[in-house]
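Participant: Build the full structure now, drawing on both the sequences and the hints.
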Amino acid sequence: AQSVSQHNHHVILSEAASLELGCNYSYGGTVNLFWYVQYPGQHLQLLLKYFSGDPLVKGIKGFEAEFIKSKFSFNLRKPSVQWSDTAEYLCAVNAPGAGSYQLTFGKGTKLSVIP
Amino acid sequence: GAGVSQSPSNKVTEKGKDVELRCDPISGHTALYWYRQSLGQGLEFLIYFQGNSAPDKSGLPSDRFSAERTGGSVSTLTIQRTQQEDSAVYLCASSLAQNVAKNIQYFGAGTRLSVL
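For the protein sequence lines, the chains are A and B, in the order given. So for the first sequence, the working numbering puts the first residue at 69; every next one is plus one. So for the second sequence, the working numbering puts the first residue at -9; every next one is plus one.
Some hints could be false.
[What the hints assert, rightly or not] Taking lysine-lysine and the DSSO-like style, the derived pairs with C-alpha atoms no more than 27 Å apart in a straight line are: (1) A:Lys175 / B:Lys47; (2) A:Lys146 / A:Lys175; (3) A:Lys178 / B:Lys1; (4) A:Lys137 / A:Lys175.
Think of the hints as simulated: they come from the structure by calculation, not from any bench.
Facilitator: Have a look at this one:
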């Protein structure tokens, strides 16, 4: 079974700082990768996803993530964070095939952006 | 239209009582999922419904947990004889179909269950 590790439990940044949140997964086969975000008081929503093709994917609000197959990683980045990016970020992996609907989530990283 | 709706948003119960959590998926979504998020843990898959097919119950942690989906729409997650370790946020999600690669899961706001 696959698993997902998010290295940072809580990240605190000042506005305009650059962001990189780590995500590593354990699964040897083809994977689909996701980052979800939950803003305070809101539903969990999809930030970006990778299925195939260009390993650098761009999502909403200036976020991007890079799939590095050799490192089993899918790190989330943003060049300059804003106070409104304060949220919890969850990385998830799906292994196509049997149980193709199942998402396995990491424990999440809480991002606090200080104005 | 409306998103995934869950009720109640918060539920406080006494140990040993039964609770029912409700999920109303997005209209037209055939796939429905229940997850649980315990303190300090990631989202844990519980159960999955797809149309009229038999549900995948492989994630249910014990036989005190059960779920049903009536008429292919609303789902109810039931926890019998609740225990303190059942305290968590229970999230429901729905998608147009089961293939995650093509059908994004949309989440509800969750039900925060506290067992005293």
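Participant: Now tell me, hint by hint, if it's right for this structure.
Facilitator: Structure-based check of each hint:
no.	hint	verdict
1	A:Lys175 / B:Lys47	holds (22 Å)
2	A:Lys146 / A:Lys175	holds (20 Å)
3	A:Lys178 / B:Lys1	holds (25 Å)
4	A:Lys137 / A:Lys175	holds (21 Å)
Of the numbered hints stated above, none is contradicted by the structure.
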